[in-house]
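Once you've looked at the hints, dock chains V, X and G against the given chain C.
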Amino acid sequence: MKKLLGAMVAFIAFGAFSTFIVVQARQIGYNQGYAPDQPVAFSHAKHAGELEIDCQYCHYGADKGRHANIPPTETCLNCHSQVKTNSPEIRKLQASVDSGENIQWVKVNFLPDFAYFNHAQHVNVGGISCQKCHGPVQEMEIYYQHETLGMGWCINCHRENGIAPPEDHPEINDVYPDTQEGYPAGAHLYQGSGNGGDCSKCHY
Amino acid sequence: MKKDFVVAIFDDEEKLLSGAFKARDKNMEIYDVYTPFPVHGLDDAMGIKRSFLPYVTFLAGAAGLTLAVSYQVWTMAIDWPINVGGKPFISWPAFVPISFELTVLFAAHTTVAAFLVYNKLFPGKNPVIMHPEQTCNKFVVAMEKDKVSLEDAKALFSEHGALEVKIQNVDMNP
Amino acid sequence: MSNLEKESCGSGCGCKPSTPDYWQDVENKVVSKAELMEFPEGEFDNFSVRKTRRNFLKIMGYSVSALPLTGCIKIPVRKALPYTYKQNTIIPGVANWYASAFNGLPVLLKTREGRPIKVEGNEKSSFGQGGANAQAQASVLSLYDTNRLREPSIEGSEVSWEQFDDSLRKLLSEAKGRKVLVTKSLRSPSEISLVKELSNKMGLEHIAFDAVSSTGEASANSETHGVYTLSEFDFEQADVVVSFGNDFLGAHRSDVANAKQFSKRRNPKHSRGMNKHIQVESNMSLTGSNADHRFTRSEQDQRDILLSLAAEFGDYSHMPKANNKEVVAKIIKELKLSRGNALVLSGSNDKNVQILINQINHSLGNYGKTIFVSEKSYEKLSNDQEVEQLIADMNGSRVGAVFFAGVDPVYALGESERLKSALSKVRVRVAMVESASSTSNTANFIAPANHTYESWSDEMVSSTELAMVQPAIQPLFGTRMWTETLMSLGGIEGSFYDYMKNYWGNRIDWNQTLHDGVTQIKSEKDSVSYKLGSINSVAKKVKNYQEGSGLQIIGFKNYAIGDGAMANNPWLQELPDPITKATWDNHALISPAYAKSEGLSTGDIVEVTSGKTKLKLPVIVQPGVAQNAVAIALGYGHSVGGKVSRKLGANAFSLVKFVNGSYQYTASFGSLKKVGTGAKIARTQTHQYMEGRDIVRETTFDAYKKNPKAGNDKVFKLANVDIYPAHKKDGHQWAMAINMSSCTGCSACIVSCNAENNVPVVGKTEIARKRDMHWLRLDRYYKGDDNEPEVVHQPMLCQHCENAPCENVCPVLATVHSSDGINQQIYNRCVGTRYCANNCPYKVRRFNWFNYDRGEEVERMVLNPDISQRTRGIMEKCSFCIQRIQDGKLKAKRERRELQDGDIKVACQQSCPSNAIVFGDMMNPETEISKQLADERKYVVLEELNVQPRVNYLTKIRNK
Amino acid sequence: MSDVVSDLRHKLVPEDRTYKQISEDILDTLEEAPSKGWLIGFSISALLLTIGFLTVAYQVGTGIGTWGLNKTIGWSWDITNFVFWVGIGHAGTLISAVLLIFRQKWRTAINRAAEAMTIFAVACAGIFPLIHAGRPWLLYWVFPYPNTHGSLWTNFRSPLLWDVFAISTYLTVSLVFWYMGLLPDLASVRDRTKSSIRKVIYGLLSFGWNGSNRTWHHWEVMSLVLAGLATPLVLSVHTIVSMDFATSIVPGWHTTIFPPYFVAGAIFSGFAMVLTLMIVTRKVLNWENYVTMAHIDAMCKVILVTGMIVGLAYGTEFFIAWYSGNEYERYCFINRATGPYWWAYWSMISCNVISPQFFWSKKMRNNLVVVFALSIVVNIGMWFERFVIITTSLHRDFLPSSWSMYSPTWVEIWTFIGTFGLFFTLFFIFIRVLPGIAVAEVKSVYKFARNDH
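Protein chains in written order, with my numbering: chain C, 1 to 204; chain V, 1001 to 1174; chain X, 2001 to 2960; chain G, 3001 to 3453.
Be a bit skeptical, because a hint or two may be false.
To be verified - The calculated BS3-like cross-link candidates involving lysine-lysine, where the alpha carbons are at most 30 Å apart (straight line), are:
1. X:2336 / X:2325
2. G:3020 / V:1015
3. X:2714 / V:1087
Rather than coming from a laboratory, the hints here were simulated on the basis of the structure. Owing to the predicted nature of the structure, the values given are computational and were not obtained by experimental measurement.
Okay, chain C solo, but in the shape it has when bound (with noise of 0.2 Å):
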């Protein structure tokens, strides 16, 4: 009997380091909650919760093409060559437009070279808001990737999603329909033109 309890101990024991390793192994590569520290101590909370200020304002690439874009240093002295020009933060944004030396941001959402993602495919034909993808950003004081941005994460919401047309245009699905019809009743992720599903809306 005590042999048998033994047994049964390391069985469970065995199975909870198991579970422990897939777990952890299923992360590897996956930065969710990544949140360096960066040259300058900008917050989101601040510019985007308390004043509102637009994404798009200083991430302007997001509607139009693939890349949502890291403002220039110039954008920020739009505003802050008149407010709070004295914070040694401010400071370095001045330095830095005087200088012509870049500002090296640390990159925070990173996706492999070999995934292409189109952020005006989203944000200007699907429709879908930032914090879909980034999480609260307006409550952010310093900036951290909010999902995983894995494989996994983006299959899974193409599949609990479909293709959602936008509020304002509506005639999308009609120009680029489901094709969903055709796939087995039931199937988790079916490929269509429109949804995503095929490999090389993503690869090549």
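Just chains V, X and G, lined up with the frame of chain C:
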């Protein structure tokens, strides 16, 4: 735990067999027989029933088959159907080889596992040894001392050519 | 799979190129070169920094230990550098397009984050009509050539431009004798105007020198029309084209324009029917390979035939040799049937031969219809006699200063000692060149010149169309436009841009022209009148040409390398020659008959001797070469040059002779001796015959007229039988059709594909091991008699089969089908079993056998940031330019409209000079592709396999 | 039944040996110091293995480009070697499983070594699919485990995936089958040895086996069950290996005859390899009493039969290629016999079809030198068979523009030699540390054979 046994030692399986059958006829309960190789007929002599292992094999094989078929269908046609070379999502002929292999894999390994577990064979187990040469050239019939008397055994087995019949104190948990 | 660049501009890019807008003058916005070269950290060294999940597992892959997996894995710090100053025109991730021109071809430059990454033909040009040849496509790589000169130097030591100008000015003022500027033939009105102004100010003479000269043709026009210029053609008007060794679809000149016109008449549905093309030549040219009737004839025989024609159409009498009688009769018959709509051409650089050609065209009434000679005041054409005179004057110490602008006469005259010693007698030798060359090595002043895409210029691409050359990037190195170097020396203030703008003034709409890249100066080509009376004396001269003895040596320009100016371009070196399919080398091409008689075979090494010149070359036995001749491509054998071109092949310019006032390329005779065997010949195709297989379907025009399905009537009863139901097709379904009649085999599509898809260059050794990486290849097969072969070219790329055999066999789903019918290859999923490539009946899959070198930082700027770079162990192949499809769809969606036919053009289709490739949505019956798919000529290769390709071919039709 | 079998059976076991002597004959080797011959053989094998290992390390570090493959020929020596080794790895299981089911008692003397050989050969074979991949460090993707890519699964339609399952099933089942057979002998070693270290080691290895008849009873049933499973398994493995080719569309591969043809070829080469090894081993280890001329004679007959099946398959292939009317198939086979690789084809024919014909003669079957030589010739021939099938089919397929030639580089050659190093290293270790003949099984048939049961 130590235990006393009445052991009869043979050096020939035919003598052993005839002795064992005799013992059965005399309702002398044989605890076990230790032989260097499987001796046919001993099972009858000892009254061992048919092994359950084939049932294990069948169940495990069936489980492997079910798993293989359902996993292939689920992954290829339900969880993420992908058009591969124009083939249907459930390309059943292509699923046959793996279904077969998994059937065999499960059946074989489960059978072996069942065999090892049932017979309590595992690395590091110390064997119960009645005679140091029982895995080489000696055939040992062992009977529990409280069930069989040494004299009866001696009488019976010497007649059938036993080299030696004696009481042996054996460590059952070596 | 570390794509070094794809991600780099993720959130703003640190490199700060500032480029002119598509349409406006933004000269002022230019930032300094130093800033441009400042690559942000982490952009180019990602490779070493990257510790991704995959790399980590790669290290751990074979390890059984699980525990370290859970250990802390450090997130590498990646920097994201925004622009400091806002760039109004650049949105990272969105391409900007600029119009420019390259070597007489109007092009568009695609730039990403300020870097030109792709060249495409300018569709607004009535001359190029959107096509682009291999050299234009590859020119963008030359921009990033690391062998380019970077700083000015005097006598080998680097100086600043100020010092350079001061010293040179001082020396020039002291120099005695002629001051000569040598350029290539110029067709830039503003540059010619500038040079004229300088000749007044500095006493600078201007002569032009072309590595492969056309003095013969220009001199002939001068005699017959009184204008020293080159003829222009309209192939669309020509019902019959007779060409004597003129490679007008290949390396001759204005190949794109010619092919655009010519291919229209290769369409059997053209209102005037198909044209008929007869080629008589001594070496198999790209043009000859497309002829309806091709005759292999030596240069002497060609002259014999030409004289017979001159006799037929002029005041001369001549009887053709027995072996030419049939050819002569055939040509005369065809020409007589289409007087006024015929075109006779010659590739010869002999004035008298070209006069005969002009006479024939004149007497057929072709001038003003298919051939034009117009007054071209904007043009400064090369004249070989001036060059010879210059060399003589230099030798006689009558030249004080010589400026070479973008020319390399020392190389192009075969490294002649004569020129070198002449140059040593000139006090001031200025080389205004992009890279070190044989010529610049003899110069004492080196003024590194801008690449075309860093320069301002203009160019008359035809007598009616002006193209603008505008920079798409700041100079990468400390270089200067050669025009500005001259302006500085001549004391002309301002930039050449100012000069140009001033020159044009109100004559053109400046902004619109810059935006479009081209503008029409005149509405139509005109033709001056024919002046020559009798050709009797000219014909007699031609008849009496002395032949050398022995083997005739034919120097020719091949398609990829041309005259050798772009020999340092790896894309071009690796581009298989459309005929020999050889790369990275020139060869001694000999006829099968000659090879047999001399016991030579492909791969032998021979020494070709002519006079004092000896060239050691590997042999390729080439069907269609004249029997007693050896053909050698020019443009190879650079003794000075970049890392690519150096030590490749032998310099066949050393066999060029100055005869009858021009440099002639077929005038040498000599002998050939076998000196070795087992040469490493890097050919992408080593079997040349179709083995009677149904691969290229072909018919004649006559048969087609009777039955449009002629040649395409093979029926496979079980072709479309499928035991499985087909997958549903809806949405867009992409398909391609390739017109085998139009396709000339020129291979421009290959370079276009290379540039678009970051296809690696693998080098000579790997090609020799048959590991070329081109996603698109051109299969070339010979048919019939080896000495008079017929040739077919077949573009072969991933066929995107609906029942793709490659997909079934991949164990990890790295190649699967998309819902819009594309055979997808997922690089990052590929483990490299190569089973897919084995199972591909078309053999279009390419495997990364190694990690191929993408070059140095500067060279990597050419990479398309939207396409991942494939690392070793990964299969790759044609993706139907999926990035362009994505881009086109996204654009349509952003504009809330449906995709239009033509919104998406794949790279090969875009560049094709003969519009042979059509791509589009086959579900929409209105699209061009749907119409092509309904054509009776449509077929698919290996139909019997029932793999149902999405790439279709249209039967080849020969008009014979 | 005694009158039918006596002649052969008499020679299957030695006369007049006691059970103890049988144990001594076979197991004493494990107790003695290694002989000089063993040391030399082992050293050479280990050296080859080392060179092979370094070569593979170089290749994995540099790329598949170090091999002689090209855009047309994506597989050549790698898969040739793979099929070659898998084929060799068929005799063992066949001998132990199929012959067990058919109650062929003569199997007992050779089944242990043959099974060991099977496992080592499959291990050698397994190396090639691993290293032939462009990115071997990602090969774990062939397992359909739930993952973070959305769960992206594997392609169950791919014969390569079938291979993964077939080979791993075969390897593990063979290993387990073999090990279960070893248990009684390991126990015997444990009980005989005087060395305490050996006692501990063999004690661990023998799982506490004590010869209890209750265990024997289940053991025998299990053996029969495993044999029953292994028989279709062994046939399925080479069937599936053949499907790597048969399910493709490459002319010369796309043939329905492949499964039986490959299985016959595998048995053919497997028995040849067993012969090669046993002829040497019985000599060196003085097992002539156990691995008798009768065994060799029987194996020669198996080789003769399977060799003729293989020959029939070659003929059938040619006939079907012609009969199909498919020009690509026809060309492929004409090209095999007369194309640039004609020498490989005719080597295959002479080794596989012609050379076994000598075994019609009993004299030849009883001449050890001839048998040894022919057993090697047969394996050379079987290697060529795979080379012919793989390389000459690929090098000229549908579009002549892509036709190409192949020649191996030193990397491929040394990798192949290295697998021989691995095979023999393992085999040398095996005969030193494990009972090379199934002692218990020999004893169990001893009386049966001797007494003419």
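Going down the list of hints, with the structure as the test:
Simply put, residue 2336 (chain X) and residue 2325 (chain X) have alpha-carbon atoms about 16 Å apart, close enough for the 30 Å limit, and the pair holds. Under the criterion of a C-alpha separation no larger than 30 Å, the hint pairing residue 3020 (chain G) with residue 1015 (chain V) is consistent with the structure, at around 17 Å. Between residue 2714 (chain X) and residue 1087 (chain V), the direct Cα distance comes to roughly 27 Å. Compliance with the 30 Å bound is thereby established for this hinted pair.
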